[in-house]
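Produce the complete structure using the sequences and hints provided.
So the chains spell out like this:
Number of protein chains: 2
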Amino acid sequence: MNQFRFELIHESNECLGRTGKISTRCGDIETPVFMPVGTQGTVKTLSPDELIESNAQIILSNTYHLFLRPGTEVLEKFGGLHNFMAWPRPILTDSGGFQVFSLKTLNKITDEGVTFASHIDGSRKFLSPEEAIRIQSSIGSEIMMVFDECSPFPIEYNEAKEAMERSVRWALRCRKAHPAMKNGQALFGIIQGSMFHDLRDESLKQTVEIGFEGLAIGGLSVGEPKNLMLEVLEALTPKMPKAFPRYLMGVGTPEDLFFGVERGIDMFDCVHPTRIARHSSAFTRDGRIDLSAASHSFSDQPIDSTCTCATCRKFSRGYIRHLFKAGEILALRLASLHNVHFLINLMREIREALLAGTFNSLRCNFLERYGSATVQKKTTEEEN
Amino acid sequence: MNQFRFELIHESNECLGRTGKISTRCGDIETPVFMPVGTQGTVKTLSPDELIESNAQIILSNTYHLFLRPGTEVLEKFGGLHNFMAWPRPILTDSGGFQVFSLKTLNKITDEGVTFASHIDGSRKFLSPEEAIRIQSSIGSEIMMVFDECSPFPIEYNEAKEAMERSVRWALRCRKAHPAMKNGQALFGIIQGSMFHDLRDESLKQTVEIGFEGLAIGGLSVGEPKNLMLEVLEALTPKMPKAFPRYLMGVGTPEDLFFGVERGIDMFDCVHPTRIARHSSAFTRDGRIDLSAASHSFSDQPIDSTCTCATCRKFSRGYIRHLFKAGEILALRLASLHNVHFLINLMREIREALLAGTFNSLRCNFLERYGSATVQKKTTEEEN
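Residue numbers (our numbering), protein chains in the order written: chain V, 10 to 393; chain L, 10 to 393.
Treat the hints with care, as some may be off.
It does not matter which identical chain is used: a pair holds within one copy or between any two.
Unchecked claim - Straight-line C-alpha distance at most 30 Å; calculated DSS-like pairs for lysine-lysine: (1) K117 x K334; (2) K235 x K214; (3) K185 x K214; (4) K251 x K235; (5) K86 x K334.
Calculated directly from the structure, the hints in this document are not laboratory data.
In structure tokens form, the structure reads like this:
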């Protein structure tokens, strides 16, 4: 039984956007999809039930963090992360590569792997392609990611090339350590190459040759100007095989969902909605608002009058503002719940618009009101 | 229509314990009852829905805190605290007296009232009997408390006497400012007098003479040895009129529920369950446990195997331990939810045991396992 399948359902006539369905052993995922991030085995401030009520189809969790805490012994004792955190739907895990290469305590990189100091207790740790696979096997995610070297921005061409080439070698070792669909777990390759199009092309070619159940685009949203990110996507996605899900790693503002979808992306993840929520910032159809602002003190309106989330159904801006000013944890919960629901609901609208042929209309209407239409749509007309 | 009524349902043969029902405009309360504390218009970390799922019948909120933030203008704009915080069941508000007299920034006490500095911005504020009534009217609680002077422990007899006498004068002014059941809001008197039995008797006598819808015992659990508190209760409750609900303010550990109920108390409130939860401490039938302890790392058991709360139905000690170590807010939520549910459920068992004539059996079984049976039962046999 193949426990992982991607079915391309519809290709838009308006852009490179497409709808599809990923089938996994614990449920289907309609794409394009936004994945809330549960770094340490919990989407910050939210319960699994709240995620399900928000129609979260899949969450992302971080191999680096779970490796250090609680560790694979604990995860194995519980039979994996699903049981541990009581989350019944699919999980995607990154490989730890991004975190390790972002660390200030990075010790030593060799072709064998990476030595680093734990951010928790400073102890010496080691990650390699094989180790990343071992940990993700213990986690039991439906979608595992290869261990890669994620380049910072900006970076010299030669360094980006070296990192990309090492990532390809590591991807091959990951694939060897985890043959297709072993234990029902899919493995995705990651395309690197920074902002250099020839490196991206080479990375794509070799990653496809190795053969994975899905393809991710890494090394974007790492500090580069937005237009650079979009240029990489525009150059890359038309060359990507259509039969595999395409995952744009670490990207997920409301505007980025549109920019990515119309360039052919199927999967997104980002800490953005929960992180800004904890800093009292909430999405509305009219742009982001600061819930701690005095202007909301007397407002009996919900965060967004069109939103159907549990926060907007029951609580006012005035009350949530009070909770933020008073330092109450319920503030963080209510704002996080709303922001996650907002993105998931927006993605549902995007899927429906792709199917109905009204994507451009939704895109224009949304971005005009939301106030992020500053990035011009530069693509797809010529490329289609 | 009388919107507040106390009905004495059953008096125990085993002790001074009794069951009853308080009817209010927004629902009935079975007594004895434990009231979770929502100091700033939220029971810390929990949503109203979670409180309802925990069978919370009534919550307490703090006049002092709501007065300073969000303030009565905001509360009035929302039509009171129920609407503001989306809590449909009864609310009891204290009067602010306890907080004001606990403040290090207390400025000046006169018979007129108390001047103090706000703990938020240091601004000069004033509370008096009339002002406490005004604020509680804006809050719209079903049960208001008189503004009283709560003495610290220990205190000299003469000081305790002065404070008690001032509290009586203030109680009279509160009653004048709020005639019985004005706007559907009940007003409770508070018996003071520190640990001095003659002062307690005098306070009781004068408070009953003024006439309130219920009677509270204040100034206990303020640092005195537990036996002193119990002695005051033992001397006082047999003299209290049976027709009014009796509320022991600020008391609510599991063992204190038993000690209070068997001495004739009907209502309890305490920050204890939510406060200790945020410090990773959880109630079990076998005593309190520290959820952050390494010994729970591999435990797939719930906090308490007999508990039916949402935390215990879904999550293990091992996972909650991980959340606490990782500093995740969900840890605080899960532990708070369990502790509140635990006390509310324990109180339900106590009510059922009083009715069934099995209170002493429940008391013995619970305290023996819980490990708090060190305080001897000293009462009731002689007094009954």
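These are the hints, each one checked on the structure:
1. K117 x K334: This pair counts as between: shortest inter-copy Cα distance 28 Å, intra-copy 44 Å.
2. K235 x K214: within (25 Å within a copy, 75 Å between copies)
3. K185 x K214: Only inside one copy: K185 and K214 sit 18 Å apart there, 85 Å across copies, limit 30 Å.
4. K251 x K235: within (25 Å within a copy, 73 Å between copies)
5. K86 x K334: between (42 Å within a copy, 18 Å between copies)
In this structure, every one of the numbered hints holds.
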